[in-house]
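J.: If you want the building blocks of each chain, they are given just below.
Number of protein chains: 2
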Amino acid sequence: MTITIGREFGSGGRELARRLSEELDIAYYDSEILREIAERTSLSQSYIQEIIEKRPHPSFPIHVVRTFHTAISPIDEQANLIYQEQSATIKDLANKSDAVIVGRCADYILRDIHPFRIFVYADMESKIKRCNEKDTWHENLSERAMKAKILSVDRNRKKYYSFYTGNTWGAKENYDLMVNTSKVEIASLASHLAPYIKSLFV
Amino acid sequence: MTITIGREFGSGGRELARRLSEELDIAYYDSEILREIAERTSLSQSYIQEIIEKRPHPSFPIHVVRTFHTAISPIDEQANLIYQEQSATIKDLANKSDAVIVGRCADYILRDIHPFRIFVYADMESKIKRCNEKDTWHENLSERAMKAKILSVDRNRKKYYSFYTGNTWGAKENYDLMVNTSKVEIASLASHLAPYIKSLFV
Numbered sequence: 000m001t002i003t004i005g006r007e008f009g010s011g012g013r014e015l016a017r018r019l020s021e022e023l024d025i026a027y028y029d030s031e032i033l034r035e036i037a038e039r040t041s042l043s044q045s046y047i048q049e050i051i052e053k054r055p056h057p058s059f060p061i062h063v064v065r066t067f068h069t070a071i072s073p074i075d076e077q078a079n080l081i082y083q084e085q086s087a088t089i090k091d092l093a094n095k096s097d098a099v100i101v102g103r104c105a106d107y108i109l110r111d112i113h114p115f116r117i118f119v120y121a122d123m124e125s126k127i128k129r130c131n132e133k134d135t136w137h138e139n140l141s142e143r144a145m146k147a148k149i150l151s152v153d154r155n156r157k158k159y160y161s162f163y164t165g166n167t168w169g170a171k172e173n174y175d176l177m178v179n180t181s182k183v184e185i186a187s188l189a190s191h192l193a194p195y196i197k198s199l200f201v
Numbered sequence: 000m001t002i003t004i005g006r007e008f009g010s011g012g013r014e015l016a017r018r019l020s021e022e023l024d025i026a027y028y029d030s031e032i033l034r035e036i037a038e039r040t041s042l043s044q045s046y047i048q049e050i051i052e053k054r055p056h057p058s059f060p061i062h063v064v065r066t067f068h069t070a071i072s073p074i075d076e077q078a079n080l081i082y083q084e085q086s087a088t089i090k091d092l093a094n095k096s097d098a099v100i101v102g103r104c105a106d107y108i109l110r111d112i113h114p115f116r117i118f119v120y121a122d123m124e125s126k127i128k129r130c131n132e133k134d135t136w137h138e139n140l141s142e143r144a145m146k147a148k149i150l151s152v153d154r155n156r157k158k159y160y161s162f163y164t165g166n167t168w169g170a171k172e173n174y175d176l177m178v179n180t181s182k183v184e185i186a187s188l189a190s191h192l193a194p195y196i197k198s199l200f201v
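Chains A and B, in that order, are what the protein sequence lines are.
Number 64 in numbering that gives the first Met the number 0 belongs to position 65 of the first sequence; there are no gaps in the numbering.
Number 55 in numbering that gives the first Met the number 0 belongs to position 56 of the second sequence; there are no gaps in the numbering.
Treat the hints with care, since some could be wrong.
Heads up, simulated BS3-like pairs for lysine-lysine below, C-alpha to C-alpha not over 30 Å straight-line [stated by the list, open to error]:
1) B:90 with B:157
2) B:157 with B:128
3) A:128 with A:182
4) A:90 with A:157
5) B:182 with A:171
6) B:182 with A:90
7) B:128 with A:197
8) B:146 with B:157
9) A:157 with B:157
10) B:95 with B:197
11) A:148 with B:171
12) B:182 with A:158
13) A:197 with A:90
14) A:171 with B:128
15) B:95 with A:171
16) B:197 with A:197
17) A:158 with A:133
18) A:182 with B:182
19) B:182 with A:95
What the hints contain is simulated information worked out from the structure, not anything from laboratory work.
Make a model of the complete structure from these sequences and hints.
T.: In structure tokens, the structure reads:
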């Protein structure tokens with residue numbers, strides 16, 4: 000049983016993943032994946048985090064024919080290397096045991112083993128509210144700044160997903176279930192969702 | 000408790016609606032709505048069905064500024080009249096009792112009472128399979144013809160929804176839950192989904 004969770008920033012996708020893994024008593028991977036990759040690539044975890052969040056974007060205008068630009072910048076090369084390592088790690092982890100895996104194009108990377116693919120989203124108002132309540136980094140952002148941050152993080156996720164999968168992030172055809180968490184208690188959602196997912200893997 | 004279900008043709012959305020209504024022991028409206036409208040408008044049910052499926056499309060090119068074209072064709076006028084009657088009917092029914100309502104922009108029409116809005120979709124292969132298994136009208140269509148029919152019905156639903164709501168049919172922000180039924184048994188889905196929806200309305 001493998002569950003992948005894509006999620007908009009602030010939608011509670013990570014909490015849903017954690018709770019689902021608890022309900023189903025299976026592994027949960029998120030920052031753990033980063034650590035594993037860091038070990039494999041001998042790069043620092045924070046550096047990888049940065050790369051994963053910011054990269055990749057094509058380093059040349061898209062109207063330029065690619066074959067004329069075989070030269071790849073060292074940073075792009077590094078981002079690609081990390082993606083390769085990450086893919087191998089995700090496959091290893093999914094083969095090792097049942098798991099919930101958050102983000103990282105895992106739905107695409109694991110497509111051959113047919114994971115249950117969830118996408119979690121919410122309206123902006125509730126995402127801002129959720130981020131402010133959490134405020135992991137004690138940033139105390141204004142509503143305006145928080146909205147800008149949410150949009151920016153999701154823009155990068157979309158770019159990243161589209162670059163490595165060729166698919167559209169958050170487009171329904173790439174997922175088995177899309178959940179709007181705007182008016183939902185994640186704990187309740189997880190407890191109802193878990194038995195359904197379990198029934199699909201019997 | 001009001002549940003609205005939008006659905007791609009052949010995705011099993013109507014079956015899900017019927018089963019949810021059974022699980023939750025609440026009303027189910029689909030062709031019933033049509034009958035009600037027929038009574039109100041004194042038009043035949045089959046004619047209304049036809050109008051709802053084919054209409055509306057603007058009868059003038061979209062680049063023409065609308066205010067210069069106040070003349071509306073009699074058929075558009077009729078379609079608008081039916082939409083008005085339909086809206087009133089759907090509101091009446093939802094006020095009268097808990098209900099599952101399929102299609103007909105009900106998610107939009109009932110937005111003030113915050114229904115639980117489901118959208119049901121599936122990949123083309125499984126939609127063709129489901130349609131062929133059902134074959135309500137014993138058409139015995141080829142795979143190619145069935146695909147064309149599915150695309151055509153959904154094109155009309157999209158046009159209809161967009162015309163009357165100004166929103167995009169099947170776009171995640173308009174729904175609380177989007178379910179891909181490609182690899183799913185509808186009966187099992189309904190039995191798991193019902194208690195979750197019930198918990199949201201407590």
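J.: Could you check the structure against the hints above and give me the numbers of any it violates, in ascending order?
T.: 15
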